[in-house]
Structures are given as C-alpha cells and as structure tokens.
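Using the hints, position chain Z against chain S.
Just so you know, the protein sequences line up as chains S and Z, in that order.
Counting in the numbering used here, the first sequence runs from 61 upward without gaps.
Counting in the numbering used here, the second sequence runs from 61 upward without gaps.
Treat the hints as calculated values from the structure; they're not laboratory data.
In this text, all values refer to a predicted model and were calculated from it rather than measured experimentally.
Worth double-checking, as some hints may not be accurate.
Identical chains share a label here; the pair holds if one copy fits it or two copies do between them.
Unchecked claim - Straight-line distance between alpha carbons at most 27 Å, and here's what the computed DSS-like set of lysine-lysine pairs gives:
| # | residue 1 | residue 2 |
| --- | --- | --- |
| 1 | K366 | K508 |
| 2 | K417 | K73 |
| 3 | K165 | K109 |
Residue-level listing of the chains:
There are 2 protein chains.
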Amino acid sequence: MTKERSDTLSLLKADLNQNRLVEAVQLLADLHPADIADLFEALDQHEKKKLFRELDIDTASEVIAELSEFSQDQILADLPHQRLGEIVDELDSDDAADLLASVPKEVVEEVLASIDVEDSREVRRLLAYDEETAGGIMQAELLAVPQEATIADTIKHVREHGKDLEGLANIFVINSRKQVVGQMSLRRLIISDPGDIVAEVMDTSVRPIPVEMDQEDVARIFQKYDIISAPVVESDGSLVGRITIDDVIDIIEDEISEDVLRMAGTHEDELVYGDQIWKISRFRLPWLLITLVGGLLTGYLLWLFKVALADAIVLVTFIPVIMALGGSVAIQSTTITVRGLATGAIDLRRLGRTVYKETRVGLLMALACGLTLGIAAEIWHRNPVLGLTVGTSMALVILVASLMGTLIPVAFQRLGIDPAVSSGPFVTMVNDISGIVIYLSLSSAFLKYIAG
Amino acid sequence: MTKERSDTLSLLKADLNQNRLVEAVQLLADLHPADIADLFEALDQHEKKKLFRELDIDTASEVIAELSEFSQDQILADLPHQRLGEIVDELDSDDAADLLASVPKEVVEEVLASIDVEDSREVRRLLAYDEETAGGIMQAELLAVPQEATIADTIKHVREHGKDLEGLANIFVINSRKQVVGQMSLRRLIISDPGDIVAEVMDTSVRPIPVEMDQEDVARIFQKYDIISAPVVESDGSLVGRITIDDVIDIIEDEISEDVLRMAGTHEDELVYGDQIWKISRFRLPWLLITLVGGLLTGYLLWLFKVALADAIVLVTFIPVIMALGGSVAIQSTTITVRGLATGAIDLRRLGRTVYKETRVGLLMALACGLTLGIAAEIWHRNPVLGLTVGTSMALVILVASLMGTLIPVAFQRLGIDPAVSSGPFVTMVNDISGIVIYLSLSSAFLKYIAG
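Bound-form chain S, shown alone (with noise of 0.2 Å):
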C-alpha cells in the first residue's frame, strides 16, 4: 500500500509540476477522500493549491474535511470565497464549522451570507462553542421524534429526512420541551411494530452531554458505555447536536498523543507541522530551558563538593550511573501515573494505595540496582568503603527518583495543570538535583576511606 502510495504520488508531483492537470485529477479518480487527503499532506503548498482547484465540489469538499488543519489553512489562503462558499454548503455543520474556525470573521460573515440559510444558522451556532468541548465537535444534523410518534411516524421521518445523514445509528426521542427522553437505534425500529408507540420501545438508558463537556471526558463516556452515537444538550435539557463515534476516535488518539509529546517536550503540532522548524523549535526549546538550568544547578552543586571531587576523582565515575539510572526510574514512575491518571487506573482519593505501590517497587528496585551497582564498583576499583557508599546512594536516589516520579504528576494534577505537561522536565530536574546532593553528602562522609 505505502509502494502504491509512493508511486501515485511521484506520477502527481510529475504531472502537476507539469502542468497535466487533466491527468493529474484522474490519478485520484477512484481513491477515497482519505487518501487523496494523505497524497495532499505530501505536497507543497503550490501543488496543494493548484490540485485543490482542479477537483470537482464534491470531491473537495469530502477531501479538505479530512485534511489537517495546517494543510487546509495552506489551501484556504488565498481560495476565492465564492468556491469556499460552496464547500461549506456541501459539508457537514461541525467541518463546516471545524474549516471557518481559522478563517477570518469578516470572511466567515461573506461565505455564511452566500449559502443557505439554515444551514449557516447552524454553522454560526457551532462557531460559538469552545472547539474542545462537546458543542465544539457535535454536528446540527440529526433526527428526532416526538415521544408521543408511532414507529410508522418515526420511519417516515427518517425516510423523509435521512437522505444525507450519513453514520445514522439512531434517532432521538424528545418531549414537548425538545428534552431528549430516550432514543431508538435504527435496528430497533426496523424490528418493532409500526402500530407501537416510541416512548414504550425506546432505550432510556440515553446518556445526553451537556454541550460545555470537554472533548476529553466525552470520550471517556463514548470508550465507557460503548456508545455510537449520543445527543448534546443545553443546560435546560434541549437537544441541540450530535456526537458520533468517528469524531471521538479521532479525540483519543489525539489527547494519548497529546500527553506523551507533551511528556517529553514537545508538541503534538510538531507533527502537523513538519517542515517549520521556527514552531517546532518554539515547542521544544522551553522544555530544554528549564533543563539547562536543572543541569547548572545540578553543576554547581558539584562545585560546591570540588574539595572532596579533587580528592576522589573515583566518584566522578559514578555521577552518570546515578544520575542515568536516577532519571530512568524517576521517568517510569511518571509515565505510569501520567498514564493511570489519564485512564482512571489511578484515582487521586485512594492515593495511598498508588504511593504504597510505588514504594515497594521502589525499594524493590532500590535493592537490585543499589546492590549490582555497590558490587561493580567493588570489583572495579577494589574498595569495600566505596562499593558501600556508591550501593546505598544508588538505592536511595532511585527510591527518591520513584516516589517523585509518582507524587510530582499527581500535585500537578491537584493543582489543576496538566500534569503531562509539567511533569518531564520538572521530574528530571528535581531527580538529578536530588541525586547529587544524596551521593556527595554521604561520599563526602566516607571521604577518608575513599580518596587516595
């Protein structure tokens, strides 16, 4: 697939820079929207623009859906709004919404007033939402009955209404107020009986999101109760959207990805943006600011030990053994309270529990690593003293190095900040700081029976 791919788009690049343009629209003629969009990704932002122009509406509209949102604010520039116009009419409200989210307000204001008005009544509206909340990923388009309908009612209604609907699993059921009271999967109407009434067959058990959810938790409730599609509500209750379930996958890949680049000092643009290497470089650098200056405190606390480092140079030899091993642990710590954190697996009101754990693993840990390391340093440079002193540092900094690796993420998440975003750098600097201060101190107390 990837060789077909890579042919494709070397015969694309030809025929475009050579302006086949004719030839270059029938490479893609049976491929899906989602991978023409991938070919997209690949080129420049002239080829970009120059292929966009040459696809039928409908093919680009289903195409700059799936596009990222680098790629569309690339082809978007500078497209003639009478064109954007009739994409947005084609899409659907949340990519509709999704694709004006980047474009400037008096531009939105020009392609809103060209197109339907009903449609950019529900455009206008999804606009309004928080892109990370529920309102800002639901779509306007879905069907509801009345709970007083039969299943013959209801029926009509999605013959009537679902041409376009694409993904359809269920309908809605909603009282006077428009409050959803139930709803009814499409199987489940197909099997009931069109005399039935639909508050009597239909599921209860509906979840609605309250429209100011954050995308994350949707997902969680989505992953949770195995659920395909759900209603969107106001705070009074009424039915205003609808989430499914190709829009959540997309959010968990997203936030996972999100925490571990952020983990280790990135960004998860860095990977939208590939070429741009001022941004990346913006993400990245504080990351390595805040080491830095982790790494020159850590330097001039071994300054302050240079008497006894002058004496013993042997305990310069393992400062990058402590230190390594320090900052691997300290790291698998975080990532797994990180990761428990995010799932649920940890749960902040049975924290003596995790930090139980973590402690046994730790001293575990502590014993095997502290023991291995005293012995090597015995046999490497033949001192009892040494081996004993390098042994029991190593075991109290991973000790350290794991207790911090759990509680640093977990006061940040009590803090409130995210703790994926802080915890990397800051586990790290406070790892090696700690470390050092532990191996000096007792090296320096054993000092006579070391040096020389």
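For chain Z alone, kept in the frame of chain S given last:
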C-alpha cells in the same frame, strides 16, 4: 461522579465483609455494567468472587465482559463450570472466546459441550484465531443477505434475526460463494424502496478485513476511513465475522498506551497488575539494567579522562548539564519519531525529508543552547576558553542527540523491532556515551587554557 463511586465502593465493601449480600447486590441495581465492572476492579479477589456469585446471569455476563483480564482470571479461578457455561451462553461470541482464552483446555471443552451447539461451534472457531488479529477481535454474530434479495426481503431478515444484535449498523451483501460484495446501512435500508434489489442500491465501497490482519492495522483502517463496522473474510473472500468500532476504540487506546509505557521502560500490564510488585519489577528491571551498564560505561570513559578532570575539576561541573540536555533532545526526537512512525506521519520511504528536518531543528536548538551555556560558563568561571569549549560541546552533543533520536527508532523499525520497546534506553545510553566523549575530547584539547 468519582466521589459517588468511592462512597458506593465503601458501602459495597462493608456489606460484603459483613455478609449483607442482598444489600450489596441492591447497591448495584441501577448501575451500568461498565460502572459495576469499575467497582469490581477495586475489590480484592475474595470480595470479587463473593459478589460475582450473587449476580444474576444477565448482569454477571455483562459485567465480566467489561472486566480486565486480571479480574476475569481471579473470578474464573474456581467458578463452577456450570455457571461458566451459562455465562458463555449469554455472551457474544467474541466476548465468550476472549473469556475462554485463559481457561484450561479441558474446562473449555466441558463448558462448550454444555451450551447450544451452534454457539459452541462459533466460539470454538473464534478461539482458533490469534487474539491480536482480526479473527481474534471479530464476532460471529452478523446479518448477511444474498445480492439478489429485495429490500423487503432484507427488512424481513433483520426483523427475524436482528433481535439480539445490539449495535448492528450494516447488513453485509454476499454472492453465491459467500463472498462480500457490498453492504447496506440500516438507514439506507429504511429509505430505500421495498421493491429494490439489494445489489442495485448497496454500498460497494465496503472494505473486507482479512481474518489474519493485525489488530493495529484493523484499527488504522477503521480510523482512516471512518468505518463503523466491517466484514471479516477468509483468504477465499468468504464472510466469517464482523468487527465493530467499539472493539476498535479499545485497541487504539491500548496500542498507544503500550507504546508510551514501553518507551518509558515499563509495560501496559502495570496498570492492570496494580498490586503485584514482583510482576511490575520484572517489567521495569531490564530497562534499568541497560541504563546501569550504559551509566557504568560512561563512568569508565570519565575514568579514562581522569588526569584532565583532576587538573580542571571545573570540567566536572558541566557534566550534568551536557548529559541532561543531550538526553532531553534525544527523548524529544525519539518520541516524535516513534509517534510519527505509528501514525504514519513519518514515511520510511521519504526518510531523507525527516532527517533533513530534524537536522535543521537540531542545529537551531544546538545554537540556542550552546550559546546560552557558553555564556553562562564564561560568566560563572570567568574563562572564555572554558565558555567556548563548553558551548561548542553542548551544540555538538545536541546535534548528535537529535540525529540519534531520529535514526535509532527508524533503524529498529527497519529491523522489524518495535521502535518503542527498544529506543528509550538504547537512545539514552548511546547519547550519554557520545556526549561525554565529545565533551571531554574537546576539553582535553584546550586543557592548558582551562586548568588552573
């Protein structure tokens, strides 16, 4: 919600421990099976078994399908085979096969002999597939109609056979050799004319999934093409099962979590085997041992430079910042590369582009950090040669780290080794060693200007 849950949990534990079993079950009455499963996870084995015995067979089978493998095993440990049979009979074929996968073979035979022949044949068939393939996650329950059927025939088929098929979204359309030729969404079924022939109105863009496809690839396809359910086929194209999106969501989350935890040197099971410190240590120790060996090697290199270090102890004070900053850059590059390879944002066939980008980013960060550190060193020790040496070393170390962080995961991927599992400790080790060599070689060259 968390507060509520923790209150319920306390009550539940109290009831169980004081043998108020009716009250205990009463507590669960209004809860979703997924919420009951959450509570189960927080009980100890004795409590789990006690409570599980009291659940009616419907609830018991819904709850056990939601439990972690760890809890399933704890409950199954000495569950009477007759009750296990009743539960398996209730479950969907995929959940039944998952449950029986960890049960001894002779018990499986006994259990399957006790249930409906048709069901047992399906479960037996599913048990034969590798758990991490399409065959391992699919279910046997599905609806299919021949392509000659009319819409009316198809609706009749759904009414007759769709009673227990919760979450059914599509009917598969097959030819006389049982090969999938298309699918009909239930929405399309409802809006089509009863007299239409299925073959004429069906969706032919269906993507049959080969039964042996890796689950991660299945998840990618669902995600990319926004699929809600897909047919699974044998090598001759004949229909054998169905995968739905709720199975896929869990796979996506699991696969990413797995990557993250592997990169940090632990294992996704650590979140499951929460209290088993020996198991957890077994996940973590190999990583730590590699780090230990790497740290000792780095220390040995320092030892080789001991004369230089003794002459200029000031050099020691920059070892932490060189190691820490090199490590940070390496982690950033590794993480972005591992995620890029996993999501497809990085294409092995266009590797030059990634390396070019990473080199430029590395260069920029090398300049920024090298300059900052060089100036800091000059200000601290009032020694321009030291500043120049430290700054240049830092810049070189960062450039090497960003290249290593990109190339090592790619090399592992090429060798067919999961880049996530191997890159973390390996990259750190290579980076520490090359960092120290670069720094001390440069410093030694200028030693006479630095020492004293």
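query: Quick check: which numbered hints come out false for this structure?
result: none
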